[in-house]
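Model the full structure from these sequences, guided by the hints.
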Amino acid sequence: MSSTVAQTYLTPEEYLTWERKADIKHEYLRGAIIAMSGASRAHSLIVTNISGELYIQLKGGRCEVHTNDMRVRTSPETCYFYPDVVVVCDNPRFEDSTFDTLLNPIVLVEVLSPSTEAYDRGEKFGHYQQLTSLREYILVSQDEVQVEHHHRQGTEWRPTDFRSLEDVLLLTSIDCELSLEDIYRRVELREH
Numbered sequence: 522m523s524s525t526v527a528q529t530y531l532t533p534e535e536y537l538t539w540e541r542k543a544d545i546k547h548e549y550l551r552g553a554i555i556a557m558s559g560a561s562r563a564h565s566l567i568v569t570n571i572s573g574e575l576y577i578q579l580k581g582g583r584c585e586v587h588t589n590d591m592r593v594r595t596s597p598e599t600c601y602f603y604p605d606v607v608v609v610c611d612n613p614r615f616e617d618s619t620f621d622t623l624l625n626p627i628v629l630v631e632v633l634s635p636s637t638e639a640y641d642r643g644e645k646f647g648h649y650q651q652l653t654s655l656r657e658y659i660l661v662s663q664d665e666v667q668v669e670h671h672h673r674q675g676t677e678w679r680p681t682d683f684r685s686l687e688d689v690l691l692l693t694s695i696d697c698e699l700s701l702e703d704i705y706r707r708v709e710l711r712e713h
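For the sequence shown, our numbering begins at 522 and goes up steadily by one.
Among the hints, erroneous ones may be present.
[Unchecked claim] Beta-carbon label-pair distances, calculated as ranges:
hint	residue 1	residue 2	range
1	S636	P613	26 to 32 Å
2	E665	T532	39 to 45 Å
3	R551	F615	18 to 24 Å
4	G581	A556	34 to 40 Å
5	D544	R706	29 to 35 Å
6	R684	T653	29 to 35 Å
7	S618	G559	28 to 34 Å
8	T619	G581	24 to 30 Å
9	G552	R706	38 to 44 Å
10	D703	G552	36 to 42 Å
Think of the hints as simulated: they come from the structure by calculation, not from any bench.
From a predicted model like this one, the values you see are computed outputs, not experimental measurements.
Here a beta-carbon is modelled for each residue, glycine too, at the ideal position from N, C-alpha and C.
Structure below.
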């Protein structure tokens, strides 16, 4: 999903009040408001494929799957993001009684687009690492078979790359697996 930066600076409280009335979604990064634009067909299919597979595997258990409408807040530096897929387990914690801003995700997924790839890999991942609950961060290319899995082990983040449709990504924190064939089902990929 691509984004553009608006030249508006708000406090976190002003942002939440404003965002809850907005017609489109905006992320919040150190006072800056970032408007989120629409997604491509490939992006939408990948998000649906991942959330659908996780829903099936987690159905009836202790975890919930949310797609790109569930806002996540980082702390101690207050930033707000809309990950493409969010998994939370046991007792979800929210910022307030509106229940639209999650504080304790365990798995986050971002589908990369040309305009957000560097940001999702860099600065956004840095903010996500502030979440003590977060155990796994997944970056998925929408143009080619490439999935990066970052898994927290203690204070270290261990990356693993997957580049074959036969590969299977194990999400140990939620006891699930995602085959790349399922992630990329019906997605038209560029040839190498």
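Starting from the range 36 to 42 Å, see whether the pair D703 and G552 falls in it by beta-carbon distance.
-> At 39 Å between Cβs, range holds.
For E665 and T532, compare the CB-CB distance with the range 39 to 45 Å and indicate the outcome.
-> Once the Cβ atoms are compared, 40 Å apart, the range 39 to 45 Å for T532 and E665 holds.
Range hint 28 to 34 Å (beta carbons of S618 and G559) holds or violated = Check passed, 30 Å falls within 28 to 34 Å.
Consistency of beta-carbon spacing, G581 to T619, with hint 24 to 30 Å | Between T619 and G581, where Cβ atoms are some 27 Å apart, the hint holds.
Given a hinted range of 29 to 35 Å, is it respected by the beta-carbon distance of R684 and T653?
-> holds (31 Å)
Has the hinted range 26 to 32 Å been met by the Cβ atoms of S636 and P613?
-> Taking Cβ atoms as reference, S636 and P613 lie about 30 Å apart, which means the hint holds.
May I ask you to test the hint 29 to 35 Å on the CB atoms belonging to D544 and R706?
-> holds (31 Å)
Satisfaction of the hinted span 34 to 40 Å by the C-beta atoms belonging to G581 and A556 = 37 Å Cβ-Cβ, so the 34 to 40 Å window holds.
Does 18 to 24 Å hold as the CB distance between R551 and F615, or does it fail?
-> holds (22 Å)
Distance restraint hint 38 to 44 Å, applied to the beta-carbon atoms of G552 and R706 | About 40 Å separates the Cβ atoms of G552 and R706, which means 38 to 44 Å holds.
Of the hints listed earlier, there is not a single one the structure fails to meet.
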